[in-house]
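K.L.:
Below, each chain spelled out in residue letters.
2 protein chains.
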Amino acid sequence: MELDPHAPVAELARQLIDIPSVSGDESAIADAVEAALRTAPHLEVLRDGNAVLARTALDRAHRVILAGHLDTVPIKANVPATMSADGTELIGRGACDMKAGDAVFLSLAVALAEPTYDLTWIFYDLEEVEATRNGLGRIARNHPAWLEGDFAILGEPTSGAIEGGCSGTLRAEVRVAGVAAHSARSWKGVNAIHGVGPLLATLAAYNAETVTVDGLEYREGMNAVGIRGGIAGNVIPDECVVTINYRFAPAWSVAEAQDRLKHVVANAGLSSWDLTFTDLAPGARPGLDDPLAEGFVQAVTAASGMPARAKLGWTDVARFGELGIPAVNFGPGNPELAHADNESCPVSEIDQCRAALAAWLTEED
Amino acid sequence: MELDPHAPVAELARQLIDIPSVSGDESAIADAVEAALRTAPHLEVLRDGNAVLARTALDRAHRVILAGHLDTVPIKANVPATMSADGTELIGRGACDMKAGDAVFLSLAVALAEPTYDLTWIFYDLEEVEATRNGLGRIARNHPAWLEGDFAILGEPTSGAIEGGCSGTLRAEVRVAGVAAHSARSWKGVNAIHGVGPLLATLAAYNAETVTVDGLEYREGMNAVGIRGGIAGNVIPDECVVTINYRFAPAWSVAEAQDRLKHVVANAGLSSWDLTFTDLAPGARPGLDDPLAEGFVQAVTAASGMPARAKLGWTDVARFGELGIPAVNFGPGNPELAHADNESCPVSEIDQCRAALAAWLTEED
Chain A
873 MELDPHAPVA
883 ELARQLIDIP
893 SVSGDESAIA
903 DAVEAALRTA
913 PHLEVLRDGN
923 AVLARTALDR
933 AHRVILAGHL
943 DTVPIKANVP
953 ATMSADGTEL
963 IGRGACDMKA
973 GDAVFLSLAV
983 ALAEPTYDLT
993 WIFYDLEEVE
1003 ATRNGLGRIA
1013 RNHPAWLEGD
1023 FAILGEPTSG
1033 AIEGGCSGTL
1043 RAEVRVAGVA
1053 AHSARSWKGV
1063 NAIHGVGPLL
1073 ATLAAYNAET
1083 VTVDGLEYRE
1093 GMNAVGIRGG
1103 IAGNVIPDEC
1113 VVTINYRFAP
1123 AWSVAEAQDR
1133 LKHVVANAGL
1143 SSWDLTFTDL
1153 APGARPGLDD
1163 PLAEGFVQAV
1173 TAASGMPARA
1183 KLGWTDVARF
1193 GELGIPAVNF
1203 GPGNPELAHA
1213 DNESCPVSEI
1223 DQCRAALAAW
1233 LTEED
Chain B
873 MELDPHAPVA
883 ELARQLIDIP
893 SVSGDESAIA
903 DAVEAALRTA
913 PHLEVLRDGN
923 AVLARTALDR
933 AHRVILAGHL
943 DTVPIKANVP
953 ATMSADGTEL
963 IGRGACDMKA
973 GDAVFLSLAV
983 ALAEPTYDLT
993 WIFYDLEEVE
1003 ATRNGLGRIA
1013 RNHPAWLEGD
1023 FAILGEPTSG
1033 AIEGGCSGTL
1043 RAEVRVAGVA
1053 AHSARSWKGV
1063 NAIHGVGPLL
1073 ATLAAYNAET
1083 VTVDGLEYRE
1093 GMNAVGIRGG
1103 IAGNVIPDEC
1113 VVTINYRFAP
1123 AWSVAEAQDR
1133 LKHVVANAGL
1143 SSWDLTFTDL
1153 APGARPGLDD
1163 PLAEGFVQAV
1173 TAASGMPARA
1183 KLGWTDVARF
1193 GELGIPAVNF
1203 GPGNPELAHA
1213 DNESCPVSEI
1223 DQCRAALAAW
1233 LTEED
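Which chain is which? The protein sequence lines are A and B, in order.
In this text, residue positions in the first sequence follow my numbering: the first is 873, and each later residue adds one.
In this text, residue positions in the second sequence follow my numbering: the first is 873, and each later residue adds one.
Any given hint could be a false lead.
When chains are identical, the list treats them as one kind, so a pair holds in a single copy or across two.
[To be verified] No more than 20 Å apart at the CA atoms, straight line, and that leaves these computed lysine to aspartate or glutamate pairs for EDC-like: (1) K1060 / E1089; (2) K1060 / E1081; (3) K1060 / E1208; (4) K948 / D890; (5) K948 / E1194.
Keep in mind the hints are simulated off the structure, nothing from the lab.
Only chain A is shown next, with the shape it has when bound in the complex (with noise of 0.2 Å):
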């Protein structure tokens, strides 16, 4: 299957999600977006299993990143793409999340000769399955320099808007101990379940913060989103294990994030437990009060209508964080159709971010 990267982009869109992709089998559509950036002479291409990278080389004075994942969850009877009676979206496995923002940096990579600053793009596969496996993992480990940049902008669905840099995430589990006994003695025992009471009244009372980072207001979050315990219906529970999600402002390191969850289960007033993270994610700051993004924000807002927003849900522009680039999330398709069987995109969308994309990256530095 062939692309067009010089077709309209909503058109583009329609073929990259006519090439089916679902994670773990990307290599038809790496192909296909490997063959459209080597038409473009003024790109170094460069691929990496079924990454595929390509970047100009201007000595600009800034280098901003550009990436998008080409993988998608599983099918469901929605490829090819088809268009909405009116013609107004394009509907289908990826419209959303996330090839409309593939065909959108696809078509500038191949059109921008001459940009503002040197640009990387990076289309990646492994987005959608467990995080080790992510392409754009195995890209800072296999080829860190194409990692060097001073903005990264990942084309993630965001209904047109910039959303800025994501909230941190961990996971811990509080595990409660108690005594054993048969239930008909149960004075006897010790009861685990009822000794996580107080951690349950401490998260339902606790008054979650709203924290500024770069001008983006972070509003956190530390919740139950798990428990479990009992042995059996004629025992008293000598454990209960309660896993608690802190979703954390990029404002704090991790170590910061975890210091400030182990406070409060601390403070909870549980008589016998211990506290263990099975899941850590840092945060990412959205880098909107550096010059570089000002224009960027300014074009993006003049096109969509809407302010700069923090991003609360993690996603891979984290990657950049770790890597000390501030980075957004800016894509067309509302990410609430994200993995939906009737996942769309408006074509308007589509064509606004690529014009207010192409905007910034030609304006007079």
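Since chain A is already given, all that's left is putting chain B on it; use the hints.
P.N.:
Chain B in isolation, oriented as in the chain A frame:
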């Protein structure tokens, strides 16, 4: 394998242990017990599946039922039986639960041709498995006339004391509802796990009653014995289910006990919940205030030095309770060793239980 019902009772217990009889595999032991009972001309014998029943027909004023199960939990390299080095403990699967008790009953069934009361002896199968398969329950359905009587003794291990009646037990699932949301935007949801906090606090503070029934004290208990909640590590849970086990004194019917539990849950301050009963088992009154049982209590107390006490765990005496027959547990062996790999029973308790029971069953009315 043959049994010698005229052997010393601890030797008969050893013989019973040496016939493996894990639940569902009781035909060999039932055959042997049936053969032993049929040697006694004063007994009418009935075989029902792998249960064996025998009874006198002496036109006595009262009839006492004595019942014990023949099956055991799975063997753990503890069959055949062994004797402790000092000769005081019989060791093996079922030594405690409850072939020592079976031996006492089988020995007396054959020996007592002229008891003070008419006697019905029941050796039954499938006690250690789900209640619907229980052999005593099957006999109640197939041969209700064989379960007519004025007082019942179940030979479960009680260290040779009388443990009267039993507490009832019921289980209920309390389901607290919430509203699911992505945990990065937790304020859009309602956390069902946080929502059970007030219920756990109520249960932790619950002041269980001690209720006197027929002169024995039944200490109650109301406990969470299970809890589950959570969909995924990034989702605010929309449901949390707490399983509560209420052990109630036989002063209350099942319906009354249900009402008592519902009252506690309804006053816990939950916001959105429902309650489903998953298990209901009535208690049994001990009937020790009946003149019929007075001599029994005196004989056992004199022999064991232990006063009659309430049975708190649920046992098959409740099946007699349902038939309106007061019932007690009485047998050799420490109940805490039931099902243990090192299950054993003191020889002296086996002898003492037989002697106390023989004394009562032959005393002048």
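K.L.:
State for each hint whether it applies.
P.N.:
Now the hints, each set against the structure:
1. Taking CA atoms no more than 20 Å apart as the test, K1060 paired with E1089 passes between copies only; the shortest distance there is 17 Å, against 51 Å inside one copy.
2. Proximity of K1060 and E1081 under a CA criterion of 20 Å is satisfied inter-copy only: 15 Å between copies versus 42 Å inside one chain copy.
3. In this assembly of identical chains, K1060 and E1208 lie within 20 Å of each other by CA distance solely across copies; the values are 13 Å between and 50 Å within a copy.
4. Within a single copy, K948 and D890 get their C-alpha atoms as close as 13 Å, which meets the 20 Å cut-off; across copies the closest is 62 Å, which misses it.
5. Taking the closest pair of Cα atoms, K948 and E1194 never come within 20 Å of each other, the shortest separation being 35 Å inside a single copy and 56 Å across copies.
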